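From first to last, the protein sequence lines are chains X and C.
Residues in the first sequence are numbered from 1 upward in steps of one, following my numbering.
Residues in the second sequence are numbered from 1 upward in steps of one, following my numbering.
Check before you lean on any hint, since a few could be wrong.
Some chain C residues close to chain X (C-beta under 10 Å, calculated; not the full set) [what the hints assert, rightly or not]: (1) H19; (2) P26; (3) K30; (4) T84; (5) L88; (6) A193.
Covered by chain X, according to a simulated footprint, are these stretches of chain C (three or more residues, beta-carbon under 8 Å) [claimed, not checked]: (7) 36-48; (8) 148-155; (9) 321-335.
Just so you know, these hints were derived from the structure itself, not from any lab.
Source: prediction; values computed, not measured.
For glycine and all other residues, C-beta sits at the position ideal for the given N, C-alpha and C.
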Amino acid sequence: MPETPHERMPTLERFDRYGEDARTLVPRGRVTMPAGRVLIVLLVALVVWGAMYAPSLMRASEAQPLGTRRTVSLWVLRPVAAISDFVQLTALTDGAIRALGRDPNEAPGGALDVPLPTLDPDVSVSPKPDEPVVKDTKIRRPTPTNELRVAVVGDSLAVGLGVYLEREFRPALVRLTRQGRISTGLSRLDYFDWMTAMRQIENGFSPDLVVVMIGDNDNQSLQSPGGQVVAEIGSFEWPAGYEKRVEEFTRIAVDGGAHVAWVGLPIVQRKERWDVMQRQNAIYERVVDATPNAIYVDTWDRFATRDGQYTPFYWEGGKAELVRAPDGLHFTPRGYELLAQAVTDAVVESFRLMPNALND
Amino acid sequence: MLFPTIDFAVFFALVFLGHWLLNPKPLPWKLFMIGASYFFYAWWDVHFIWLLAGVSAISQLGAIAVARQPDERRKRIAMVAGVTLTLLPLLYFKYYSWASLELTNASNSLGLNVGLPLVQLILPVGISFFTFMAISYIVDVYRGHTRVASWIDAFLYLSFFPHLVAGPIVRPDELIPQLDVRRDPRHIDVAGASWLIVGGLFKKVVVSSFLATTMVDPVFGDPASHSAIDALFGILAYAIVIYADFSGYTDIAIGVAKLLGFQFPQNFDRPYSARSLQDFWRRWHMTLSRWLRDYLYIPLGGSKRGEIRTYVNIVVTMVLGGLWHGAAWTFVFWGLYHGIGQAIGAWKRTHLPERTETPLLLWGQRLSTFALVCVGWVFFRADSMATAFSLLGRLITGWTTPTELVTPLVIGTIALMLALQYAPREPGLLLQERISRWRPVPMGLAGAASLFVITTLGPQGVAPFIYFQF
């Protein structure tokens, strides 16, 4: 008997013969839809969502590094966002975003969303210096009633470092806040404004020590918080402009009463990045050398081979340990532990931190 | 390419169109789907498409070799050879770095100084999943459960993008026959698929991201500075995070396959309502559990070689299952823990009389199983055994430390996700039935509104799914 067209095209239920009890089947009573209509569902969902979310997507695209992806994204999103504005959809969605507890105008990198630890009102916070700090001082002695306050700030490397640095300190004597934010830096203040964030940390937490590890994402044009290009990458203005930002950032912490440990960028697997990263490290070192209460912690040589090459391993006492992540930039947990130890060693040595503030 | 990204949304819209346009023409359709799947895979790292193609070719050659042998003994030799060759890339990429480091240090400590060359390898995404599927293909041909597929079908079976990077681990007899049957373009379960995709996105982007950043990362990062309550909720939060992350991924994968007219097996069935560890593994990562049962536990002898051997087989299977998740002692311990737990359960079922079922017994079993599973998750998540024990220790020693992380929102999210494990299925099914009657435009608008809520509540950018690293 010849097959009818319907028999040639099995319905989903007929796949049952290939499966087990656990297979998801179309339950009886549910209406199915032809592919053409499903495509309409998909397109309506994508286009309407795109129109609703266009302003946020556009801000996120503007914050991307310059390149084809950014250009194409903006080329697509600008007219969509304009239409969304014109038909008042943006006002509607802004209201919805506020109703969901978010700020529709926040920078793409977000606000400082890790809550700062609440300080006991009885704790005496060191008064901020009236004048800019001009000479080195010893870091204060922590006590159980007035713990040393440490803030770890920077990019994804600081995120990892913060986790393991917290383990180095004795919790009874040291209070640490991890404020690292991935994909941030000092070049793109339009994406995340570290100057404002640092002031918030100073005002809200009054750290005694600020550990900074930042710069991996900074090989980009310098942009202001408002999105204006201040210095193009590769221009003569860039190094001076970047150095000025490093100075300002360090000064916010130091003049707020904190000591600063600036952790330099580590050697990375991609050799083509070495020149840029070493140039940045030289800037950090130069600024920190000229700033009181600030030290530079080198990581480049610490994680390089004897002949200055990249290695993912660290040898100590005849034992090898894997310390770098497969991306050739970040660290493994053991690598972050070694990095954290390097920071605490430097802080004890240079700022004369009481060794009892550290775990045994 | 991650599912919860615009890249994937655009990719899928184009693939959906091409898929249904080419549906009446099997060969162009298959070539199109292989191309799309390899493009999807190459989005991470174009170099590893050769690995995927290589494993596909080895498994197909292995299956052909098995089928062509005239007798059982030769078939078995061909099967073992095929499985071994298929496993080699996984062993190399996943375990060589770890093993060479451990061996080198062990030999140095004994003064032998004869280590293997140390290298750091990038683990290709999804290698554990497609390798296991390739093995099941060869073994199923050997067992006569499936026939040798055409080269194109074999390549599409392993690379089909909805399951490619993190499962579900689909058996050859579940997927290959679907490749040869023309899908019906008139009957797509769009309500069921959308339910799974939107629900999966919500679990991953909102629930998992929120609990991971607010509870899990801080608590597992430095257990010593957190209170017992923070530690407890950190552990509970991780149980939800890994469930929301992995089941969210699976739901999206099954939903995407559904829109293309394919049926995938379920991978999760309310695992935190399990009454024993054995029951848990029937509900958690179900396609891995059955793979371990069919291709490891049963070949080891299963329960057919005496009581002691049964327990040994359970433990060995679970240890290897743990090691499958990653090359670290924490995963070995996690597998051992579950293996011993299941072996004790098997002993109890054999030697202790069955108790009368009461609500107290039922809830006692559910809660104790959940507690055991949560303890296991501590080792699964911790970066070292020391961190795991330190965190568990805080549950006893951390009562004088102030609690800082636990908020009503954290408690509410955990409670809601656990309550859903026990919620009746009917309201969800009824809602899907209602949605299925909507016309395309209202359904699309509802989808847009759902996506808007998810993207607004979620963080900037989405972390890769936890199971991608396995």
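Here's how the hints hold up against the structure:
At a threshold of 10 Å, the smallest CB-CB gap from C/H19 to chain X is about 8 Å, leaving the interface hint in force. Evaluation of the C/P26 hint against chain X yields a violated restraint, the C-beta minimum of about 12 Å exceeding 10 Å. This hint is violated: C/K30 has a C-beta 17 Å from the nearest C-beta of chain X, more than the 10 Å allowed. Of the supplied interface hints, the one on C/T84 is violated, with its beta-carbon coming no nearer than about 26 Å to a beta-carbon of chain X, more than 10 Å.
For C/L88, the interface hint is violated, since its Cβ never comes within 10 Å of a Cβ in chain X; the closest pair sits about 20 Å apart. Given the 10 Å rule on beta carbons, the hint for C/A193 holds: about 8 Å separates it from the nearest Cβ of chain X. Counting residues of the stretch 36-48 of chain C whose C-beta lies closer than 8 Å to any C-beta of chain X gives 0; at least three are required, and the coverage claim is violated. Note: the stretch 148-155 of chain C has 0 residues with beta-carbon separation from chain X under 8 Å; the three-residue rule is not met and the coverage is violated.
Given a C-beta distance limit of less than 8 Å, the hint that chain X covers the stretch 321-335 of chain C is violated, as 0 residues qualify and 3 are needed.
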